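**Student:** Chain by chain, the residues:
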Amino acid sequence: MRLRLALIAASGAALLLLPPPAAAAAHTYTVVIDKMKFGPVPAGLRKGDSIVWVNRDFLRHTATAADRSFDVDLPAGAKATTVIGRSGAIPFVCRFHPGMRGVLQVK
Amino acid sequence: MTKTALLCAAALLLGSAPALAADGPTDPQIAHIAYTAGNIDVVAAKQALARSHNRAVRSFAQQMVRDHQAVNEKALALVKKLHVAPEDNATSQGLSKAASAELAKLARLKGAAFDREYVANEVAFHKTVNGALESTLIPSAKNGELKSLLETGLTLFREHQMHAEQVAKALK
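Chains as they are written, first to last, in our numbering: chain A, 1 to 107; chain B, 1 to 172.
Everything labelled a hint here was simulated from the structure, so no lab data went into it.
Here the structure is a predicted model, which means the values were calculated and not measured.
The reader is advised that the hints may include incorrect statements.
Unchecked claim - Quick list of in silico lysine-lysine cross-link-like pairs, DSBU-like style, CA-CA up to 35 angstroms: (1) A:K79 <-> B:K172; (2) A:K37 <-> B:K46; (3) B:K110 <-> A:K79; (4) B:K80 <-> B:K172; (5) B:K110 <-> B:K81; (6) B:K172 <-> B:K110; (7) A:K107 <-> B:K80.
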C-alpha cells in the first residue's frame with residue numbers, strides 16, 4: 001500500500017514535470033513555391049514550429065528572412081526546413097527575385 | 001544593341017511588321033522567339049562575366065545565366081513533350097541580328113563604359129521582350145502549358161528588368 005502510494009505520487013510528479021500540452025507539440029508546415037510565387041503561409045504559427053519550403057519551380061530561389069533569422073537556398077525542385085526561432089511578424093523574400101515575398105505571423 | 005536594331009526587333013516582336021501572320025505568331029514560332037531571346041541574354045551575360053569586374057554587374061549577369069538557362073531548358077523539355085518543332089521566323093532573326101551588333105559593340109568597350117552599356121542594353125532588351133510577351137506572345141499562345149511558361153517567364157523577366165534598372169542607377 002505504501003509502495004503503491006509512492007508510485008502514484010512519483011507518476012504525479014512526473015506528469016507535473018511535463019510541459020503543458022499546448023507547448024509540447026511543435027508543428028511542421030509546408031510552404032510551396034511555384035511559378036515565381038510563395039504559396040499561402042500557415043496561420044497559427046508558434047515559435048519552435050518548422051516550415052518546409054518546397055520549391056516546385058524550375059528556377060532557383062531562396063527563402064530569406066528580412067532579419068536574416070533564416071536564409072535557405074532552394075535549387076529547382078529542392079526542399080529545406082527552417083525552425084521558427086522567434087515570435088512576431090517575420091517578412092521574407094527570395095533574394096534572387098525580391099518581388100517574391102511574404103510574411104510569417106508567429107505567436 | 002544599337003537603337004535602330006533594337007527598334008526593328010521591337011517592331012517585329014510587337015507584330016507591327018508583316019513578318020508574322022495577321023492573327024499573330026504560331027506556337028512553334030513563339031517557342032522559337034522565346035528560346036532565341038533567352039539564349040541572347042545568356043550569351044550577353046557570359047560576355048559580361050568575361051569582361052566586367054564590377055560586383056553588381058557580375059551578380060546580375062550570373063542571375064541572367066542561371067534564370068534564362070533554366071527557362072530555356074524548361075522550354076526545350078516542353079516542346080519535346082508537345083512534339084513541337086520550334087520554327088525560325090523573321091522576329092527571331094531580327095533579334096539575333098540586333099544581338100550580334102550589340103555583342104560587337106560591347107566587345108570594343110572596357111571597364112565602366114562596358115558596364116554601363118551592358119546594363120543599359122539589358123534594361124532595354126528586357127523592356128522590349130516583356131512588352132512583346134504581354135501584348136503579343138502570351139495572348140497568341142494556344143497551348144496552355146506554353147502560355148503558362150511564358151507567363152511565369154514574364155513575371156521573372158520583370159524582376160530582371162527591375163534588377164537591371166537598379167544596377168543602371170547605381171552605375172551612374
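**Student:** Mind checking the alpha carbons of A:K37 and B:K46 for me, to see if they're no more than 35 angstroms apart?
**Tutor:** holds (27 angstroms)
**Student:** B:K172 and B:K110 were given as a pair; does the straight-line alpha-carbon distance stay at or below 35 angstroms?
**Tutor:** With Cα atoms ~16 angstroms apart, B:K172 and B:K110 stay inside 35 angstroms; holds.
**Student:** Is the straight-line distance between the alpha-carbon of A:K107 and that of B:K80 35 angstroms or less?
**Tutor:** Not satisfied, since the Cα-Cα distance of roughly 48 angstroms exceeds 35 angstroms.
**Student:** Taking 35 angstroms as the top limit, are the C-alpha atoms of B:K110 and A:K79 close enough?
**Tutor:** violated (41 angstroms)
**Student:** If you draw a straight line from the CA of A:K79 to the CA of B:K172, is it 35 angstroms or shorter?
**Tutor:** violated (39 angstroms)
**Student:** Mind checking the alpha carbons of B:K80 and B:K172 for me, to see if they're no more than 35 angstroms apart?
**Tutor:** violated (44 angstroms)
**Student:** Does B:K81 lie within 35 angstroms of B:K110 when you go C-alpha to C-alpha?
**Tutor:** violated (43 angstroms)
The structure is inconsistent with the numbered hints 1, 3, 4, 5 and 7, although it conforms to all the rest.
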